[in-house]
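Peer 1: Next come the chains, spelled out residue by residue.
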Amino acid sequence: MGMTEGLADLTGAVETELAGEPVALLPQRGLFWPGESTLFVADLHLGKCETFRKAGAPIPAGVLEETLARLDAAIEACAARRLVVLGDLTHAPIGVTETMISTVSAWRDATDVEMVLVHGNHDRHLKRTGMVELAQTWSMDLLNPGAVLGPFTLLHEPERFDASHALAGHLHPSVYLRGGGDAVKTQVFWTSGGPGAGGTTVLPAFSFFAAGTSITNAKGDGVWAVTPQCVIELSPPA
Amino acid sequence: MKTGRDAIASWFTSLGWTPYAFQRRAWSLYADGRSGLVHVPTGAGKTYAAYGGPLIELINEALDNEPRPSGSGPADEPTPATEGGSETHRASGPLARARGSKNSKDSKSSKALKGLRVLYITPLRAVSRDVELALKRPLGEMGLLDERVTIESRTGDTSSSVRARQQKRLPNVLVTTPESLSLLLTRANAAELLGTCRSVIVDEWHELLASKRGTQVELALARLRKLAPGLRTWALSATLANLEEAAQAVVGVDDAPEVVTADLDRPVVIETVLPKPGDPFPWAGHLGLTMLPNVLERVDEDDEGVPARSTLVFVNTRSQAERWYNAISVAKPEWEGAIALHHGSLARDERERVEAGLKDGSIRLVVATSSLDLGVDFAPVERVIQVGSPKGIARLMQRAGRSGHRPGETAYIICVPTHALEMVEVAAVRRSIEAGKIEPRDTENRPLDVLSQHLVTLGLGGGFDPDDVYNEVKTTWAYRDLSREEFDWALDLVVNGGETLKAYPEYKKVVMGEDGKHAVNDKRIAQLHRMNVGTITGDAVMDLRFMNGKKIGFIEEHFIDQLRPGQKFVFAGRTLSYLKTHDLTAFVKPATGKTNFTPVWSGTRLPISESLGQAVRHTLHAARDAVEGGEPGGLEPELQAAAQLVEIQSKLSVVPGEHETLCEICDTREGRHLFLFPFDGRLVHGGLGALLALRLSRLESATFSIAANDYGLELLTHKGYPFRELFAPCLFTHADLGTDAIESVNLSALARSQFREVARVAGLVFQSIPGAKRGNKSLQARAGLIYDVFEQFDPHNLLLEQARREVLEKRFETSRMGRTLSRLEAGPIVVRETTRPTPLSLPLVIERIGATMLSSESLADRIERMKAAWE
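Residue numbers (this note's numbering), protein chains in the order written: chain A, 1 to 238; chain B, 239 to 1109.
There may be inaccurate statements among the hints.
What the hints assert, rightly or not - Far from chain A, by Cβ distances over 12 Å, these chain B residues were calculated:
#1 Ala428
#2 Ala546
#3 Ala594
#4 Asp974
#5 Thr977
As the list claims (entries may be wrong) - 25 Å max Cα-Cα, derived DSS-like pairs, lysine-lysine:
#6 B:Lys788 <-> B:Lys806
#7 B:Lys464 <-> B:Lys406
#8 B:Lys806 <-> A:Lys185
#9 B:Lys374 <-> B:Lys349
#10 B:Lys788 <-> B:Lys832
#11 B:Lys406 <-> B:Lys374
#12 B:Lys832 <-> B:Lys570
#13 A:Lys185 <-> B:Lys818
#14 B:Lys755 <-> B:Lys712
#15 A:Lys185 <-> B:Lys957
#16 B:Lys464 <-> B:Lys712
#17 B:Lys788 <-> B:Lys827
#18 B:Lys597 <-> B:Lys570
#19 B:Lys818 <-> A:Lys219
#20 A:Lys219 <-> B:Lys1105
#21 A:Lys185 <-> A:Lys219
#22 B:Lys597 <-> B:Lys374
#23 A:Lys219 <-> B:Lys806
#24 A:Lys185 <-> B:Lys1105
#25 B:Lys349 <-> B:Lys406
#26 B:Lys570 <-> B:Lys806
Since the hints were derived computationally from the structure, they do not count as laboratory data. The model shown is predicted, which means the values in this text are computed figures rather than measured ones. The beta-carbon is built from N, C-alpha and C at its ideal position, and this holds for glycine as well.
Kindly produce the complete structure, drawing on both the sequences and the hints.
Peer 2: So this is what it looks like as structure tokens:
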């Protein structure tokens, strides 16, 4: 699938190249690789609100539904055949409630993509058996961090690999922008160590209910700000 | 044959003391079953005034417990009031006992009083031990302590074994904090533990009164009155203008309070450290470090070369405290060990070390924020220095009152203005004190977050019936106007999470049992609630620790957000290097080298009071007239020192008269600025700035940064914005004020930042608890994030409403904002376009602290404009 053709209806997305492959950074907070028709997302933290409510903090419902709806929107926009979650699909065991499981199952049944989960630190809180069971319920393949997909190494916590370009999450990267009396904190896609092999790209947290962490970017890092409407390049990777 | 009253009298005599008339009056009123407020200057003997009555009662009861020798007569003490309130056992009249029998060592525990009688609430747990000793002293010297009467503290510092014992049975006199009292109310046996209580004494009421902690105490008192009918409640306060309100708040609305005051005048002398003739004096900046040498000159050294007298240097912010401490350490290395730093973000161990050092004399000089306003009563402070704006008239009087401690003695304070306008402020305070104008402390008005926390507390403490609790809560001053609808909202919040059951699946905090009683049944919720009781929050803070886990203090998220790993900053008097943030903890390592980069804690600055604002306008006008009339020589020394500012302000722009308001417009590298100077305090200026920004953005869309200080406000936006063309008095119209105020609160970040406090108190954000298991990690989220979730998924949630209401009340407070708007709309407003910032606007440009945004543009447009500045 050619890049131009594949990205025809990716409104607000930005095209760039990682590991020599054209990719698109989506305003829905996902990274699309047309070469394998794969959509990467990270840090969904499903069940976080449920976790809070169970502890007696009245956090309203709706976050889960919004997250899944946005995932659908991203899948639809790029017509991805495969969805790779780069860790922290879930937040905590206590938040994996019956209702949450069935909501996700219903979404899963209605979504025609192959789904892969790379273990994240929050997912590890679920006992291994629990995760295997969930993987079956939601028909996901489970991978350990470090798995290789084409020119990419799939991770949750960022690391560097000389032979390939790493894709990761975990950090919830964000930057502080200021000027002309204005200031704003925004989540970003962040490529450090160059766009090729040896570099790492960290995705923004897919969940809106996840705080950003300011990044330590260096000269030559690729940084793209994400807004609900569009992705804006702040600096290209070099 | 002696009564408790005689015993107290002879105890006073044995010490060579004579009870003051106000103390005797307080004792009699107590004996008559009355409640109220004791308001006398610091150091005059408030504690024994309020404690005397309960003490007499305790002694009588303790002696009455002895085997009764024949022939003992009735008490010669005034008969207690018999109207509903006095305990039945006292109606028979407590009998006097000969003191001689107290020495008989045969008294057994069977003679000991059982159950709580007196509850003493202090806002500062660090002084609870001192209070305990002061309360023990008379009984100890009468030989009644321990065997007959027990006195203990219960605070966060009390060991778990003692707490466990106290949970079964409380001592006769308990010294505790508002938080620990609320925790007692969460005990299932609260009614049994507290039902025998006869009196409550609330110390430092002036400090608690105007805060949610005070509201928390009011609610606890209402509950105690229910559990212990006839309870008498007394508050102690100093330097307060609204005595009647303060007294009413401590007794509740169903009782008529007594106010006990004393004619113990302490004259206040304010001396100002002036710049030396010819020395440059800054127009802006709040640090005031240029004045350091002049201040150090005022600190005499003893033979060992350390400060001879115990000295408190009060500053207004924590970052200023850091900088001053640092500067003094550099200037006076030989004082090392004898000087210390004290502010609210330091780890508690460190603060307590400093308080103890001040008390035992090993620490001679402490640079402190208001964190040390409380509790230094017990320390021998001899000299008080105030760096920067005094903020309020009462506040400065109170700090001055810390110097020396004897009634009648002059209270003396040295003021160190940090810039020229503060010279005017100090002169204005002195003028106000001379004119007898002290400002009131306004109480909180029915905060629903505190109420909802209280409902969970009651749910744990044996459960409650909503109708009963509504009536009980209505008896507090803070909730006197609470509607049933509002109460039901708060109830809904803890029962259903929100108005709609549907939106909050799996949430059940308080549940209704079959008998209609509301209670908490879930152990995990109970545990989390107990760990989070309280209203002290301030800011969204994170722990600051070394990698080995040692805690250094607390730091604001907002500050950490702006740090990059490796960046150095100063904290707790040392240079640190930021490493990373994990689980709401910021990790650092010690660093070498110097930096002046210091954390700024937002939202911690008090605004100047309305009274002081008026006084400053008046005083500035007087200074202008004298300077323009060529006769500055007749002015106070502070105003003479500010004469140059007045001259230059006149030249670049104009010095506004008392009844005029100045507006300046100016371009700088940053963009285009509009300044307005109503002198109405930082909070009102923040609200006014948001309102002005909203109304301007309707005329021409833009993103504004709104900054405010005590003198005025600044709107900053991109170059070329037509401020001059759009600015008109109609921007200040009262028309649609209500809806515009709400809209500007929503559009700006004001409500979002106010929400931090609401979320914490209402139990949406869990505090990280020292020593708590790390299992709660998955429950950590920033209040701002939760605010965003609410805004998106339940925009009409009550807690959001409350955050907005609090902003409206604090910033748009109808009366004060209304007066400001009327003045602005009526004019005259003098508009000047200046070529550069003037002495009045410079402080706003230099210290853009607590700036908030108001934008009518999309996030993408804003990022597009700012991306040029991205490196």
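Peer 1: Compare the structure with each hint and give your call.
Peer 2: Verification of the hints:
1. Residue-level check passed: B:Ala428 sits 20 Å from the nearest beta carbon of chain A, beyond 12 Å.
2. For B:Ala546, the non-interface assignment is confirmed: its Cβ lies about 47 Å from the closest Cβ of chain A, beyond the 12 Å cut-off.
3. Look at B:Ala594: its CB is around 37 Å from the nearest CB on chain A, clear of 12 Å, so calling it non-interface holds up.
4. For B:Asp974, the shortest C-beta to C-beta distance to chain A comes to about 26 Å, beyond the 12 Å cut-off, and the non-interface label holds.
5. Every CB of chain A is more than 12 Å from the CB of B:Thr977 (nearest about 25 Å), matching its label as outside the interface.
6. Taken as a hint, the B:Lys788 and B:Lys806 pair is honoured in the structure, with Cα atoms around 18 Å apart against an allowance of 25 Å.
7. The hinted pair formed by B:Lys464 and B:Lys406 meets the criterion: a straight-line CA distance of about 20 Å does not exceed 25 Å.
8. For the hint pairing B:Lys806 with A:Lys185, the CA-to-CA distance comes to about 21 Å; that is within 25 Å, so the pair holds.
9. Of the supplied pair hints, the one linking B:Lys374 and B:Lys349 holds, its CA atoms being roughly 18 Å apart against a limit of 25 Å.
10. The hinted pair formed by B:Lys788 and B:Lys832 meets the criterion: a straight-line CA distance of about 23 Å does not exceed 25 Å.
11. Restraint check for B:Lys406 and B:Lys374: satisfied, since their Cα atoms lie roughly 22 Å apart, inside the 25 Å limit.
12. At most 25 Å may separate the alpha-carbon atoms for a hinted pair to count; B:Lys832 and B:Lys570 meet this at roughly 17 Å.
13. As the CA atoms of A:Lys185 and B:Lys818 are separated by approximately 18 Å, the hinted pair is consistent with the 25 Å bound.
14. About 19 Å separates the Cα atoms of B:Lys755 and B:Lys712, which keeps this hinted pair within 25 Å; it holds.
15. A hinted pair counts as satisfied when its Cα atoms are at most 25 Å apart, and A:Lys185 with B:Lys957 qualifies at roughly 22 Å.
16. Among the hinted pairs, B:Lys464 with B:Lys712 is consistent with the structure: their alpha-carbon atoms are about 13 Å apart, no more than 25 Å.
17. A hinted pair counts as satisfied when its Cα atoms are at most 25 Å apart, and B:Lys788 with B:Lys827 qualifies at roughly 11 Å.
18. At most 25 Å may separate the alpha-carbon atoms for a hinted pair to count; B:Lys597 and B:Lys570 meet this at roughly 22 Å.
19. Among the hinted pairs, B:Lys818 with A:Lys219 is consistent with the structure: their alpha-carbon atoms are about 20 Å apart, no more than 25 Å.
20. A C-alpha spacing of about 15 Å is found between A:Lys219 and B:Lys1105, which places the hinted pair at or below 25 Å, so the restraint holds.
21. As the CA atoms of A:Lys185 and A:Lys219 are separated by approximately 20 Å, the hinted pair is consistent with the 25 Å bound.
22. A distance of roughly 19 Å separates the Cα atoms of B:Lys597 and B:Lys374; the hinted pair therefore holds under the 25 Å criterion.
23. Pair hint A:Lys219 plus B:Lys806 holds up; C-alpha atoms about 20 Å apart against a cutoff of 25 Å.
24. For a cut-off of 25 Å, the pair hint linking A:Lys185 to B:Lys1105 stands: about 12 Å separates their Cα positions.
25. Note on B:Lys349 and B:Lys406: the hinted pairing holds, with a Cα-Cα distance of about 19 Å set against a maximum of 25 Å.
26. With a CA separation close to 24 Å, the supplied pair B:Lys570 and B:Lys806 stays within the 25 Å bound.
Violated hints: none; the structure is consistent with every hint.
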